[in-house]
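Peer 1: Working from the sequences, and respecting the hints, build out all of it.
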Amino acid sequence: MSEHIRLWRSLLGMCWRSFRARTLVVLALLVVEMLAFAAISLGLRYLIDGVLRDDRATVAVGAAMAGIAYAVTHTLLRVRSNLRIHLVERVGLVAIDAGILRMTADIETTEHLERSDYLDRVALVRGQGWTIVDSAWAAVETAVFAVQLVISLVLLASVSPWLTAMVPVAAIPLWLSRVGRRRAAPFELAAAEPLRLQRHLFEMCHRPDAAKEIRVAGSGPELIRRQSTHWHAMMRMRFRARMTVALFTVAGWGAFTASYIAGLVFVARLVAEGHGTVGDMAMSITLASQLRGQIENIVNRSGQALESSTVIEPYLWLREYASQAVGDATGKAPAVLREGIVLQDVDFTYPGARKPALRQVSARLRAGSIVAVVGEYGSGKSTLVKLLAKMYRPDAGAILVDGTDLAGLDTTAWRSGLAAAFQDFGRYQTTLKEAVGLGDPGLLHDDDAVRRAVTDADADKVVARLPDGLDTQLGLMFDGTELSEGQWQKIALARACMRPVPLLFVLDEPTASLDAPSEHEIFLGYVRRARALAAASGAVTVIVSHRFSTIAMADHILVMRDGRIAESGDHRTLIRNGGLYSELYQLHESAYSNGPRARAI
0 MSEHIRLWRS LLGMCWRSFR ARTLVVLALL VVEMLAFAAI SLGLRYLIDG VLRDDRATVA
60 VGAAMAGIAY AVTHTLLRVR SNLRIHLVER VGLVAIDAGI LRMTADIETT EHLERSDYLD
120 RVALVRGQGW TIVDSAWAAV ETAVFAVQLV ISLVLLASVS PWLTAMVPVA AIPLWLSRVG
180 RRRAAPFELA AAEPLRLQRH LFEMCHRPDA AKEIRVAGSG PELIRRQSTH WHAMMRMRFR
240 ARMTVALFTV AGWGAFTASY IAGLVFVARL VAEGHGTVGD MAMSITLASQ LRGQIENIVN
300 RSGQALESST VIEPYLWLRE YASQAVGDAT GKAPAVLREG IVLQDVDFTY PGARKPALRQ
360 VSARLRAGSI VAVVGEYGSG KSTLVKLLAK MYRPDAGAIL VDGTDLAGLD TTAWRSGLAA
420 AFQDFGRYQT TLKEAVGLGD PGLLHDDDAV RRAVTDADAD KVVARLPDGL DTQLGLMFDG
480 TELSEGQWQK IALARACMRP VPLLFVLDEP TASLDAPSEH EIFLGYVRRA RALAAASGAV
540 TVIVSHRFST IAMADHILVM RDGRIAESGD HRTLIRNGGL YSELYQLHES AYSNGPRARA
600 I
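Numbering-wise (numbering that gives the first Met the number 0), the sequence shown opens with residue 0 and increments by one.
These are calculated hints, taken from the structure and not from any lab test.
Do not rely on the hints blindly, as some may be mistaken.
Unchecked claim - Each pair of labels, with its calculated beta carbon distance range:
id	residue 1	residue 2	range
1	I84	D447	48 to 56 Å
2	L100	F477	33 to 41 Å
3	R224	E375	32 to 40 Å
4	H231	P499	37 to 45 Å
5	F477	A535	34 to 42 Å
6	I4	D467	52 to 60 Å
7	I84	P466	42 to 50 Å
Ideal placement from N, C-alpha and C gives every residue a C-beta, glycine not left out.
Peer 2: So, in structure tokens, the structure goes:
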């Protein structure tokens, strides 16, 4: 609970810093409302007793108090509510929703994006900035309503101290509500995974890229069935959570209702026996009626504050994860590679996986060299590339850059010298100029740099066919031009060419969607570019490809099997050795010459 309080203080501080005047007005109106409710009861007491005693001054004071207080409560309540909602919406969107996005984006590695526990919590807090900020105001209003309740009980005690016996009974609904929501929290968390799965299936069924396969395979009914299954599983979990809360809430209100009836009967007897005035009775009835509303306000707003724990707990977990995942490495990345990159006994296992993806990997990537990585699917090729890009950290061993441990280098500085095209490339639905220029944000608005990158990626023909050239809007999301898979891939390749002098140039199956002649031409261009980069910065070019016409161009080849480097050397040496590389090469050649199906590499 202390973490919640610290978060609420932080959220109120955000409101104060962002909208100081509005925050002050909301707080002031809360205090005025708190006093106005008590003034209504006191005003009625003075009014009725004044009438019975024929005391015009008391009647006037009582009528003024009750009338003004009544008008204030009913007018300012709506004003305060509207101001609070607007304040919560603005801060929730700007500070919290955007902050959640920043937390995810600022983590140096991509490990968290493959962890189900992380993704489940992101699914729970996604778009819930309003709820998180409102929980802080719910806590404030709960405190104000509690003070209001104390004032009411003090006034009731002025009639009879016995009426204060309602205090412990009034606390029962609060306590039971808290217990119920705590019991319901595990059900809400259990609902996160089926919620995420059913959203994924729903979105997949509405994506144009998946529509063709779904219709050809006739898998639509099965996907709908699975989406429905996950939706019902999620709803069952949420129903159990809500029923748990409802049962505890009903029990609490039952206890309070019994005490409420008993209190009214007790006050009526006091007046009948002459131990109080008719004004006391009117005030007691009014206070008792308000007491019910005050308790209800406390239960509702405290319940909302506690209910938000289903969002706050994941939010705090994400904040803690992000704070621990922030890298503290400050080492300066080299401007030029002189020795190269060395992998020393590198081990790595993906989160939740039992089998290591890399085991005892040792290799030397000399400065200025072109290194190809080859192996069957699942052998660890792409994992090796991700570690070089600091997307993951090795579990054991080290990666040395000119003798300095990569783990000690500032990640932003290292990646500023990295250019990469991955097999799972992004399809940015922006203008073509932006889709390419984002490869180096510093050159985003440099048209000459964008055109150079387009030419280096052999994408000039793609640009020439578009209606507005570099200013063409891409993708159908914003009524733009849809590209073929091969065209999207060339745009991704152009994006990778934006950095003029990288230290590490990574091509991870970047031409899988292109035909063999196009791929060969592109790689010839990349080899020329790699040689130029080597002369300028000692850049290492790493190529992951399944086509041996490309692999044979490399200076050095790493052959991977089951997460290990099975052999290494240049093309001729590896063919002559007759090992795994030679076997894969023969399979590849036979696939083109004789037609038998080769193993995937």
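Peer 1: Per the hint of 34 to 42 Å, is the separation of the Cβ atoms of F477 and A535 within bounds?
Peer 2: Cβ of F477 to Cβ of A535: about 38 Å, so the range 34 to 42 Å holds.
Peer 1: Between I4 and D467, does the beta-carbon spacing fit 52 to 60 Å?
Peer 2: Check passed, 55 Å falls within 52 to 60 Å.
Peer 1: Within 48 to 56 Å: is that where the Cβ-Cβ distance between I84 and D447 falls?
Peer 2: Check passed, 49 Å falls within 48 to 56 Å.
Peer 1: Is it true that the C-beta distance of I84 to P466 lies inside 42 to 50 Å, as the hint says?
Peer 2: holds (44 Å)
Peer 1: When you take the CB atoms of R224 and E375, is the distance between them in 32 to 40 Å?
Peer 2: holds (35 Å)
Peer 1: Just to be sure I understand the hint, the distance between the Cβ atoms of L100 and F477 should be within 33 to 41 Å; is that true here?
Peer 2: The hinted range 33 to 41 Å is violated for L100 and F477, with Cβ atoms some 20 Å apart.
Peer 1: CB of H231 to CB of P499, is that within 37 to 45 Å?
Peer 2: With a Cβ separation near 55 Å, H231 and P499 fall outside 37 to 45 Å, so the hint is violated.
The structure shown violates the earlier hints numbered 2 and 4.
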